[in-house]
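Participant: Spelled out, the chains give:
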Amino acid sequence: MQEIVVISGKGGTGKTSVLSALASLGPPKILADCDVDAADLHLIMHPRIQKRQEFISGELARIDPDACTQCGLCREYCRFDAIDESFRVWEQDCEGCALCYHVCPSGAIRMEPRFNGYWYVSETRFGTMVHAALLPGAENSGKLVTTVRTEAREIAEDQGIDLILTDGSPGIGCPVIASLSRTNLAVIVAEPTLAAVSDLKRVQELTSYFGIPSGIVINKADINDSLSDEIERFAKDKDLPLLGRIPYEEKITRAQIEGKSITEYDPSGLGEYMHRIWDGIQERLDAEQKASTA
Amino acid sequence: MKVGISSTGKTFQDQLDPRFGRAAGFIIFDLDSGQSEYLDNQGNQQASKGAGIHSAQNVVQAGANAVITGHIGPKAFAALDSGGVKVFQSEVKSVQEVIDDFRQGNLTQAHNPDKPGHWQG
Amino acid sequence: MRIAIASGKGGTGKTTVAVNLACYLRNLGREVTLVDCDVEEPNCHYFLSPEWDFQQAHNVPVPSIDQDACRGESCLLCVRECRYNALIWMVNHVMTFPELCHGCGLCSFLCPEGAISEITRETGIMRGGKARGIDIYSGSLNIKEAMAPPLINQLKSLAPRSGTVILDAPPGTSCPAVATVHDADYVILVAEPTPFGLHDFKLSVDVLKQMELPFGLVINRDGMGDNSLLDYAKQEGIPVLARLPHSREAARSYSTGKILIEDLPDFIEQYEQMVNTIYSRQKA
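Protein chains in written order, with the working numbering: chain A, 46 to 339; chain B, 33 to 153; chain C, 19 to 302.
Isolated chain A (complex conformation) (with noise of 0.2 Å):
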């Protein structure tokens, strides 16, 4: 089994317009949306919701208006500021430490089980997906990621599917190393300005600590030819494969606004774009798995 990842440091470079397009090509596979805290990829998937479950993480500290004595003592210990004036605890805030629980001398407060959302399994027509929504605000999105690759997985064994596409979260922090952890190729999306290249090296930082090996797509290529060259050397300095330029194309914008994926709304253009870059991606897992098997 071989799972890609498509990653970007930054927001809004392209990652669910160039995953979503990649969807379209290749062999079958499974695709899992890991971007959790603001998943996209259904708008273009359109999945038909086949199963529903509830995600339960943590904990959530509860208190009891009655037998609260409102001595403080909670206030006072919670490092998280979860607790306000008229006892009320904030679920934002609330880490689920269970300090105050023990701190309090009349037993007032409970620590229940915290329900941070839903994930699913649908049909669309790439494939079987997972997906999740996060309740807004809601934490622990690192284990929801857990969770919807562990899934993908077993419906990729149930199915005998061996590739499994994944969108991978944003930034460099708990989400994305859950979703980086055990891929076998991340797929960078960047796009020429000064802020993406350098979230562009702190990702690659990360891909390259856990040792996944990682190829670059420049989207809006054309924004910034300076840049895109920038990040060009960068590829190869770092002895990364580039698996190709993407013009700064309106139709790209379009094809959101129709629910369809580049490759789908412009074949001959954008989607002649996307076949050279599967390709790539093709050719690397091929030597990913002579690598591991030799």
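Think of the hints as simulated: they come from the structure by calculation, not from any bench. Predicted model, so just to flag it, every value in this text is computed and none were measured. The C-beta atom is built at its ideal place from N, Cα and C for all residues, glycine as well.
EDC-like, lysine to aspartate or glutamate: derived pairs with alpha carbons at most 20 Å apart:
1) B:K125 to B:E69
2) C:K276 to C:E69
3) C:K220 to C:D244
4) A:K246 to A:E275
5) B:K125 to A:E202
6) B:K34 to B:E129
7) A:K296 to C:D240
8) C:K276 to A:D267
9) C:K276 to A:D270
10) A:K246 to A:D274
11) A:K296 to C:E267
12) C:K162 to A:E250
13) B:K34 to B:E69
14) C:K227 to A:E136
15) A:K305 to C:D244
16) A:K296 to C:D244
17) A:K96 to A:E199
18) C:K276 to A:E275
19) A:K335 to A:D284
20) C:K162 to C:E140
21) A:K281 to A:D324
22) C:K148 to C:E69
23) A:K305 to A:E168
24) C:K227 to C:D203
25) A:K335 to B:E123
26) A:K283 to A:E333
27) C:K252 to C:D240
28) A:K281 to A:D270
29) C:K227 to A:D129
30) C:K227 to A:D138
31) A:K246 to A:D284
Far from chain A by the CB rule (all over 12 Å, computed), these chain C residues:
32) L43
33) Q73
34) Q74
35) I83
36) G90
37) S92
38) P232
39) E290
40) Q300
Starting from the structure of chain A, add chains B and C where the hints point.
Facilitator: Below, chains B and C without anything else, positioned relative to chain A:
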């Protein structure tokens, strides 16, 4: 001497589970008496973090002086190392075959973790 | 006044708005502090190139065990009660794993022997400096660190309580974004007029409503997509603070790290409108 083998099931015919922290369970096998017990690890399979080190803790508490697994992350490795527990690596095969390999000295001892850990630890 | 600039997804122009708003207000003669709370990918300094004159490590508390005082295997309260699985018992000692620790202090509170004290662990750095008369604070989370909120909170505490403080939030709706906007007086949500933009905007709106925070919308790259974002804002009664037009020039200007209101002065009007709308709402 007892070895803990990460396993996909309870019997010697089950396969070695290549994951350490997220293994389905561990077979704790006493090389001297030939007796064995099964340690369920589902709690750690579900844990959001710290699965590797808690698996290490549980295997050692069950009396293992050595561990055989596929891949092990840095935190779990450090934990076992700190307890003086040796780590051996094996390919995926039946637990019986793994034990035979170990008895014949065919397994290599790991001196470093072989995969960077985080969530999959 | 504390104004947070946030967005449901990355790459919508949040940093552009934060930086240009800071410059615009500074040009009006106000005291302005800009805090880049996107500690996973701090970007504000690319546009402002501040001279850093302050640097401090960000430390979080982690337990340190006095093994001689520890009761050992008969107790293990700390190991059992830690919600983050950050401690284990290994043969003859308690082992701590600082990377997993959230610094809540539970273990040291519970230990019946007082055998657990706290030491610090560095997870990132904070810097401060000045550019164009604007005070700038920026934090950077070390690679492989997973927890941004403690760093964000400490970074925010560096900003003065007076004057205008602009907080550039990390994208998304999870913990780091919440930690940033939490105590803002007003939140500017930046979104693109595309299906992705609308979807992510709705998620942010849900969070801000839940947090009972006042907010308005800035449409960035207006004209690149469709009208669904504007229609939604109207339907929900969300004030539209500005509509920044889509242009290749703006994209190019951004890519090279220029200040938009200086490079393309046509944009000044938009910021004027944004500021007027926010301040008139605050007074009302």
